[in-house]
Each structure stands twice: as C-alpha cells, then as structure tokens.
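The lines below spell out each chain.
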Amino acid sequence: MKVIASVRSGISSSFKALKGVVVVWLFSILLVSLVAMPMRSALKAGLGDSMITEKLAKGIDIEVLADLGSNFKSLISYFSSGLLMILITGFLINSFLAGGLFNSMKASSGIFSAGEFFRSSSKNFWSFFVISLLICTIILLMLILIVVIPVSVVAQSEISSEGSVFKTVFITVLIFLIVLTLLFLVADYARAWQVSKEKNACFKALGFGFRQTFRTFLSSFPLMLVLLAVQMLYGWLVLIILSGIKPQTGAGILLLFLLSQILFIVKILLKTWRYGSVTRLMELNISTSITQQ
Amino acid sequence: MTKFFTILFAGLFYVTPSGSQIINKKPLSVRQTGYTIDATLDPVTKTVAGIMDAYWVNMSTDNVEDIQLHLYMNAFRNSKSTLNIESGALSDKKDSERGWIDIPSITERNGTDLIPAMKFISPDDGNLSDQTVLKVLLPKPAGPGDTVFIHVSFETKLPSVIRRTGYKDDFYFVAQWFPKFGVYEPAGMRYETKGAWNCHQFHANSEFYSNHSLYNVKITVPKEYIVGAGGIQMAESASDKTDSTKTLTFLAEDIVDFAWTAWPGYAVFTDQWEHVKITLLLPKERVEQVTRQFTAVKYALGYLAKNVGPYPWTYLTIVDPPAKGNGSGGMEYTTLFTSESSYIVPEFIHFPEMVTIHEFGHAYFMGILASNEFEEPWLDEGVNTFWEERIMDHYYGENSGMIDHPFLKVADKSMGRLSYVHSEGRQAVSNKEYSWNYPHGTYGMMSYNKTATWLYTLMGIIGEETTNEVFREYYKKWAFKHPSGKDFVNVVNEVVTKMHGDKFGRDMNWFFDQTLYGTGLCDYKVVRIINNKVESPNDSLAKSDSINKSRNVNDQFYNSIVQLERVEEVMLPVEVLIHFKNGEEILESWDGKSRFKDFVYNGRRMVEWVKIDPEFKIRMDINYINNSLTVDPDWVPVRRLTDKLISFMQFFISFISL
Chain B
1 MKVIASVRSG ISSSFKALKG VVVVWLFSIL LVSLVAMPMR SALKAGLGDS
51 MITEKLAKGI DIEVLADLGS NFKSLISYFS SGLLMILITG FLINSFLAGG
101 LFNSMKASSG IFSAGEFFRS SSKNFWSFFV ISLLICTIIL LMLILIVVIP
151 VSVVAQSEIS SEGSVFKTVF ITVLIFLIVL TLLFLVADYA RAWQVSKEKN
201 ACFKALGFGF RQTFRTFLSS FPLMLVLLAV QMLYGWLVLI ILSGIKPQTG
251 AGILLLFLLS QILFIVKILL KTWRYGSVTR LMELNISTSI TQQ
Chain F
1 MTKFFTILFA GLFYVTPSGS QIINKKPLSV RQTGYTIDAT LDPVTKTVAG
51 IMDAYWVNMS TDNVEDIQLH LYMNAFRNSK STLNIESGAL SDKKDSERGW
101 IDIPSITERN GTDLIPAMKF ISPDDGNLSD QTVLKVLLPK PAGPGDTVFI
151 HVSFETKLPS VIRRTGYKDD FYFVAQWFPK FGVYEPAGMR YETKGAWNCH
201 QFHANSEFYS NHSLYNVKIT VPKEYIVGAG GIQMAESASD KTDSTKTLTF
251 LAEDIVDFAW TAWPGYAVFT DQWEHVKITL LLPKERVEQV TRQFTAVKYA
301 LGYLAKNVGP YPWTYLTIVD PPAKGNGSGG MEYTTLFTSE SSYIVPEFIH
351 FPEMVTIHEF GHAYFMGILA SNEFEEPWLD EGVNTFWEER IMDHYYGENS
401 GMIDHPFLKV ADKSMGRLSY VHSEGRQAVS NKEYSWNYPH GTYGMMSYNK
451 TATWLYTLMG IIGEETTNEV FREYYKKWAF KHPSGKDFVN VVNEVVTKMH
501 GDKFGRDMNW FFDQTLYGTG LCDYKVVRII NNKVESPNDS LAKSDSINKS
551 RNVNDQFYNS IVQLERVEEV MLPVEVLIHF KNGEEILESW DGKSRFKDFV
601 YNGRRMVEWV KIDPEFKIRM DINYINNSLT VDPDWVPVRR LTDKLISFMQ
651 FFISFISL
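Protein chains in written order, with the numbering used here: chain B, 1 to 293; chain F, 1 to 658.
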C-alpha cells in the first residue's frame with residue numbers, strides 16, 4: 001500500500017517540479033554542446049565540401065571516418081577529452097541540481113520556486129557530491145568484486161567449460177543488478193534525508209540510507225526495482241527510437257533533435273519520479289515509526 | 001637399381017592402400033609424394049609416436065643427391081629457432097610445454113641406415129640452432145624417374161597449443177607433426193634456373209609449400225577420444241586387449257598436408273553440399289553455432305565452385321576448437337580446417353563465418369593451387385582474402401558482411417581496405433617479398449589486405465566477370481600444380497586480352513608493376529569546381545535586340561572548369577562523373593596518368609558536383625573524401641550524427657550521475 005502511495009506521490013511531485021526538470025535539461029544540453037559543437041565543426045572541416053556525406057546517409061561508415069585521417073584523430077581526441085570533461089562536470093552539476101530536485105520532492109515543499117531550488121542545490125551540494133561519489137565508488141568496487149573477479153577466475157580455470165563462463169557472467173551480472181538496486185536506494189534515501197536536515201551531514205545521511213534500505217527492505221526494494229526497470233526499459237526504447245530514425249532533410253533533423261530532447265526531458269522526469277517516490281516512502285516510514293512510538 | 005625402384009613404386013602404387021584409387025576415380029595430381037603413417041597418441045607424455053613409410057618420385061631430369069624434409073615441430077624445441085626469433089612464441093613456455101620431433105631411425109626401403117647421412121640445414125637464414133629442415137644425403141643420387149622410399153620412426157612431442165598445433169589438457173590439435181618432404185623444383189619451375197629443393201624453415205608467418213600427396217594414416221588414441229582428420233575415415237577398431245584404445249584409419253588423396261585433432265569433448269555433426277560430406281566437430285556447448293558454420297561453408301563452396309572451379313574432394317572436416325584450444329583456431333590443412341567461434345557470438349557479428357570462409361578458401365588458394373606461401377604469401381593469403389571478402393559481402397550484405405547491426409554496418413572488404421590504406425607501413429616494401437622479410441609487422445597488412453585491395457581494384461578496372469574468368473582459367477591451368485606469381489599475372493594478361501583486346505593496353509603489367517611489385521600509393525582528388533558566368537555568344541546581339549534581351553534575361557551562360565589531381569604515384573584509369581545543376585550528368589574517362597586534368601564545359605548549365613570513381617571501384621585510393629566535391633554540400637548526415645551524439649551523451653551522463 002505504502003509502495004503504491006509512494007509511486008503515485010512520486011508522479012505528482014515530479015510534475016510539480018517540472019521547472020526544475022527543465023533546469024536540469026538546460027544545463028545538460030549546454031554542457032554536452034560544449035563538446036558536440038566543436039566535434040561537429042571538426043567533422044565538417046574534415047569532410048570539406050565532399051559528396052562523401054552521401055555514404056553517411058545510412059549511418060556510420062567506418063571507411064569515411066577512417067579516411068578523415070588526421071581529422072579523425074582530432075575527432076577522437078575531442079571526443080575522449082570532451083567525454084572526460086563532461087563526465088566530471090556532469091557529475092558535479094548533477095550532484096548540485098539533485099539537491100534542488102530532492103528538495104522539491106518533500107511533502108512540505110510548496111509551489112516550485114527557482115530561488116528555493118538553487119538555494120537547496122547550493123546548501124546540499126557538498127553532501128550530495130560526497131554521497132554520489134561514495135556510492136559510485138562502491139558500485140565500481142561491487143562490479144569488480146561481484147562480476148569481474150569471479151568471471152576472470154572461471155575463465156582462467158582449466159576445468160571450467162565455455163558455457164560456465166557465460167553462465168557465470170549471467171549470474172554475477174544478475175547479482176550485481178540486485179546490489180545496484182540496493183545502492184540506488186541507499187543513495188536516494190541518504191539524499192532525501194539530507195534535504196530534510198538543516199546541517200550538512202553526508203556520512204550520517206549515508207548511514208541513514210543504509211539503515212532505511214535494509215529496515216524497510218520489503219517495501220523499498222520492490223519500489224526501486226519497479227522504478228529502475230521502468231527507467232531501463234525507457235532507456236532501451238529511446239535507444240531503438242533514436243537509432244532507427246534517419247531523417248534525410250534539414251527539417252527532419254530539427255524534428256529529430258526536438259524529439260530527442262523531449263525524450264530526454266521525460267528521462268529526467270522518470271528520475272525525478274524515482275526521487276519523489278523514495279522521498280515519499282521515507283516520509284511515510286518515518287511517520288509510521290513515530291506513530292508507533 | 002633405378003628400374004627396380006620404379007617397378008616397385010609402380011607395384012606399390014596399385015597394390016598398397018596409399019596408391020589405390022579409392023575416393024576419386026582419377027588421381028587429381030601427379031602424386032609425387034605419398035605417406036603411410038601409423039601414429040599413436042600418448043596423452044600422458046603428450047607425444048605422438050609414429051612409423052612412416054614415404055616416397056618421393058624424382059620427376060625432374062636431374063640426378064638428385066639428397067632429400068629434404070620439414071621437421072616443423074623442432075621450431076618449438078629451443079628459443080633460438082628461427083620461428084621463435086621471429087615471433088617470440090616460446091617466451092612463456094615451460095620446458096615441458098615445448099615441442100620437438102626426434103627421428104630415432106630412418107632407412108631406405110632396402111634397409112640402408114640413413115641416420116649418418118642426416119644433417120640439419122638452414123637454407124633461409126643460416127641459423128645453426130634451427131632444426132626445422134633435415135637434409136638426408138642419399139647413398140646414391142636419385143635419377144630421373146627414380147622413386148626414393150624411406151622408412152622412418154619418429155616421436156613428436158607436442159607443445160602446449162602454439163601456432164595452431166599442440167595440446168591443452170585433453171585437447172589435441174596435431175599439425176605439422178611428421179617429417180614431410182620439401183618440393184624439388186627443377187629448372188624452369190616457378191623461378192628456378194637450376195633444379196633444387198625448396199624446403200624452407202618454419203617461419204612465424206609461413207609454413208605451406210608441399211606436393212599433393214596420398215596419405216594413409218592410422219591414428220591410435222584412447223577410446224573416449226573423438227577424432228577428426230583430413231581425408232575419409234576408412235576404418236575404426238579397438239586396438240589392444242584391454243580395449244582402452246582405438247585405431248582409426250584415414251585416407252586422403254591429393255592434399256598438401258595432413259592434420260588431425262582428438263578431444264573427448266567434441267560433438268560431431270554432418271551435412272551435405274552437393275557431392276561433399278561436411279563433418280563439423282565442435283564443443284558440445286556450442287551447438288548454436290552449427291547452423292552458422294554449415295551455412296557459411298556452403299556459401300563458400302557454392303561461390304568458389306561457380307566462380308573459380310569445382311571442389312574436387314567428396315569430404316570436408318571443420319574443426320571449431322574449444323576455448324582452451326583457441327591457439328589452434330583459424331588454420332587450413334585442405335579438406336580439414338579450423339574455424340573460431342565461441343559459446344555466444346551475436347548473430348550480427350559474422351566473425352566465425354569470416355574465419356570459416358577464409359580457412360575453407362585455402363582449399364583453393366594453397367590447397368588446389370599450391371603456391372609457395374613462404375615466398376609469395378600474397379598468392380595464398382591475399383588472393384584468399386579477396387575471395388573471402390567477396391563471399392562475405394555477397395551473402396551477408398554488401399555493406400554489412402562483417403557486422404550487420406542497425407547501429408553499425410561494416411563490410412568485410414572495408415576492414416581489408418582500411419587495414420592497408422591507413423597503415424603506416426603501407427609503403428615499406430612491395431608484395432614481392434618472402435614472408436619473413438616483411439618489416440615492422442607489415443606481413444599481415446601487406447600479404448592479406450594490400451593484395452585483396454589491389455585485386456578489388458583490378459576487378460574494378462577489368463570487371464567482375466573478367467575477374468571470375470581469370471580465376472577460372474587460373475584454376476584450369478594450375479590446379480594441383482605449383483603456380484607462381486608470374487603465372488598468375490600471365491593468366492590475367494591472357495584472359496584480359498582475350499576478353500577486352502587492347503582496351504587496357506598490350507597487357508596488364510602496368511597494373512601489377514604499380515600494385516603487386518610497387519610501393520606507390522593511389523589518390524585522386526577533385527581540386528576545384530569553377531563556374532564562371534560569361535556572356536553568351538548571342539548576348540552581344542541580344543543587347544541590340546529588344547525582343548531577345550527580354551527573352552534571355554534569366555538564361556545565364558557558364559564557363560565551368562573541373563580541376564582534378566593525381567596526388568600520389570600510382571596511375572590508374574578512373575571514371576569521373578560530372579553533375580550539372582539542371583540534372584544533366586556526364587561520365588568522363590581519365591587515364592589518370594597526368595598529375596592534373598581539367599574538364600571544361602561551356603553552356604547554360606553550371607557544374608554542381610563531381611565524383612572521381614563514383615562507384616568506388618578503385619579501392620586502392622587512400623582517401624575517398626577528396627574524390628568528390630560539390631558547390632552545395634549536404635550537412636544533414638553530419639548534423640544527424642552529432643545530434644544523436646548529443647542525445648546519447650545526455651542519457652549517459654544522466655545515468656551515471658545517480
């Protein structure tokens with residue numbers, strides 16, 4: 001019952017914070033454009049006024065990319081350094097904006113206010129940054145412990161068969177996904193708790209996140225599982241849609257761009273839905289425990 | 001003595017199993033050599049003990065004083081072998097994992113001990129530590145028509161899998177395992193000016209050059225082992241009282257090498273293509289690959305039979321080794337070859353098919369057309385790669401022969417071209433090099449990919465049907481013989497002249513001089529399109545004519561110039577497609593010899609775009625981008641690409657930032 005209520009509340013909260021979602025989208029497009037635009041220019045410069053772009057009409061053509069020669073190396077260089085920059089900056093910006101989004105998810109929060117959004121973002125930045133960083137580090141460690149090491153051991157083993165390697169990959173990835181779900185819960189609970197407090201206390205928040213995840217496991221885990229499953233399904237759907245559409249005109253390109261950005265805004269909405277649902281479930285659980293006391 | 005042996009040989013030829021005609025009605029080759037081997041695998045010591053009776057017929061007019069044998073397995077005996085110096089292959093092998101071949105006894109058929117007459121030689125590099133070529137001085141020179149019989153007992157210690165041979169646990173792939181005759185080349189054969197043995201050491205990149213032979217091989221292995229081998233299995237019997245081993249007898253005719261594999265974990269599948277029974281051995285867990293393997297090999301059989309010549313054997317064995325025996329994957333032994341797949345290979349990745357088609361192709365290019373891989377690797381690997389790429393792209397998609405995914409499509413021929421045109425060592429040497437002389441790791445790129453790329457270019461110039469006819473003629477003339485590069489070039493010249501007269505000149509040597517024997521690059525470029533507005537010839541009249549003046553006001557006259565350039569050394573004839581704004585098109589021909597070329601057009605039309613080689617026939621061109629130019633570039637694909645990149649990066653960042 002609590003789970004359904006939380007999911008419902010999450011949906012309404014995410015729509016309530018639509019302006020916040022737009023802010024996140026705006027930052028995202030600006031950030032990515034910093035890398036994509038120079039790449040586009042480099043690609044144009046490499047292709048010159050050639051008709052070879054015809055070969056790109058059906059998608060990526062490795063012969064064309066390779067024939068770019070030094071321009072291709074520049075492109076790869078732009079991409080790799082740009083991607084690193086985007087990863088770091090994107091991580092920082094998202095840690096910052098998540099504070100505002102989580103604050104908007106609180107039951108006590110009223111109508112969306114940009115001032116309040118950014119105030120909360122800046123107030124919670126360091127805590128959110130540390131929480132995100134630590135959880136990401138734990139995820140990476142878990143990936144190594146749960147998937148990489150066992151699969152390597154099985155692959156190296158002289159007695160194991162080929163099938164057992166792939167079965168190990170399948171099983172360990174499944175376990176990792178379960179752990180991932182739990183770690184997302186910890187991160188979300190920690191951040192939801194943090195925004196409800198006056199002072200920054202990231203480690204206390206993390207402690208709360210872990211406690212709350214396992215104390216309310218039966219309600220929290222299915223909730224997160226559903227939310228993540230929807231997000232993953234959506235991500236896969238977007239991949240299919242965006243990859244499948246190959247417009248051949250300038251107008252078509254513009255429409256594709258608009259569609260992709262709408263799809264991305266929906267993706268942020270889904271994430272906000274997750275934030276809202278977890279926040280609501282936390283609030284419900286806390287109020288229940290207070291009532292019981 | 002000579003007569004005695006000739007009679008004996010003739011008698012044996014018809015009486016012994018190795019000489020009898022069992023599989024094909026007529027011998028496919030002259031069968032200058034033949035082998036009867038009784039081999040026993042010892043899984044404890046990882047050795048194969050063998051007794052071999054072999055013959056070599058002196059078909060030359062020379063008196064030959066010696067015989068020369070390949071002892072390939074000695075390449076793994078010590079770290080100073082030529083193969084190891086070239087590749088460092090043994091660097092991670094313990095002593096117990098090394099391999100060798102010992103010959104405790106070798107006699108002539110009459111019992112003369114030849115051990116004192118044995119001597120290791122190193123004809124390629126003089127490396128005294130290399131023991132991969134054995135010279136045996138005959139007690140009496142073999143005269144023209146004489147047959148030399150030898151009786152050899154040998155013991156082969158298998159290495160842990162390396163260079164497509166050896167063991168791993170209970171898996172065995174047994175290749176290059178017995179003493180094998182080199183090829184005696186009389187004067188006039190290939191490039192020989194006087195008769196000599198052609199018996200090269202085992203090198204990192206080459207191992208094949210042998211006579212087409214008869215093989216009658218008995219293999220004894222533990223009972224639980226499943227065995228695959230070149231040839232046809234003629235018999236199977238329990239071989240000792242305890243019934244712990246079994247002996248299988250294989251007969252193979254007119255093949256250049258005999259290899260076999262044994263492993264208890266194989267699952268065996270069979271299929272039929274026309275007259276050919278195909279046997280597939282692969283790990284039991286890999287059953288999902290069975291259809292893919294059979295389909296691929298049938299494609300290759302059909303395509304090569306149609307465009308080159310018939311596959312003459314009635315049998316074919318494909319071995320898809322288990323992961324632990326991966327080092328034996330991707331190798332050709334004629335009528336048996338190894339592929340390379342895995343438990344899971346997504347359908348859109350055609351790598352296993354590519355390996356299967358490539359290795360099968362060697363049945364033609366090296367197996368039937370037994371060129372010298374040591375000396376002319378391009379004629380073996382390069383020609384075979386050309387056909388592999390054609391087959392892959394023909395059956396799996398012209399643009400998706402290698403990868404066929406909605407997000408990415410890659411043609412097999414693209415992989416080959418890119419490997420050559422963007423390689424730093426593309427001009428280091430020409431294709432006319434012995435396999436071990438390619439510097440700086442350029443062997444693969446040069447032998448496989450440069451050759452395939454210039455063969456595609458040749459096909460672009462002379463046409464697909466002429467190319468197929470070249471190979472049909474090459475097969476007709478040289479099947480079950482030893483063709484050389486010049487023989488191939490001669491066939492090209494004959495067929496092209498026959499089909500096209502002097503359209504391409506007196507012969508095609510100008511092409512081969514630049515591609516096969518040259519190191520130059522090919523690059524054609526559209527430098528500029530100039531559309532000058534000029535006065536129409538009628539304009540001067542029109543100025544004084546009020547009626548004409550009003551009629552011609554929107555009828556602009558242009559002097560258009562298209563400037564082309566040959567950037568690099570290689571000169572090839574190219575087509576140039578010129579497209580005008582009004583939709584008209586002109587296809588021009590340029591012999592491609594001069595550095596610069598201008599095409600000039602005057603009229604009421606302006607040039608919109610120009611393409612050199614619009615159908616990408618000249619695959620040697622190192623840069624397709626500068627092959628065309630337009631006055632109105634279309635950036636839609638670029639915008640689409642970058643816009644999608646933006647979206648994917650947005651999603652990615654959102655995902656990783658919790």
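Hints were generated in silico from the structure; no laboratory data involved. Hints are not guaranteed to be accurate.
Stated by the list, open to error - No more than 30 angstroms apart at the CA atoms, straight line, and that leaves these computed lysine-lysine pairs for DSS-like:
no. : chain 1 : residue 1 : chain 2 : residue 2
1   : B       : K44       : F       : K525
2   : F       : K503      : F       : K525
3   : F       : K194      : B       : K55
4   : F       : K25       : F       : K503
5   : F       : K306      : F       : K218
6   : B       : K199      : B       : K123
7   : F       : K503      : B       : K246
8   : F       : K525      : B       : K73
9   : B       : K44       : F       : K581
10  : B       : K44       : F       : K597
11  : B       : K73       : F       : K617
12  : B       : K58       : F       : K503
Note that the coordinates shown come from a computational prediction; the quantities given were computed from them, not determined experimentally.
Evaluation of the provided hints:
no. : hint             : verdict
1   : B:K44 to F:K525  : holds (18 angstroms)
2   : F:K503 to F:K525 : holds (24 angstroms)
3   : F:K194 to B:K55  : violated (54 angstroms)
4   : F:K25 to F:K503  : violated (43 angstroms)
5   : F:K306 to F:K218 : violated (35 angstroms)
6   : B:K199 to B:K123 : holds (9 angstroms)
7   : F:K503 to B:K246 : violated (43 angstroms)
8   : F:K525 to B:K73  : holds (21 angstroms)
9   : B:K44 to F:K581  : holds (23 angstroms)
10  : B:K44 to F:K597  : holds (27 angstroms)
11  : B:K73 to F:K617  : holds (26 angstroms)
12  : B:K58 to F:K503  : violated (36 angstroms)
Of the numbered hints given earlier, the model fails hints 3, 4, 5, 7, 12; all others are met.
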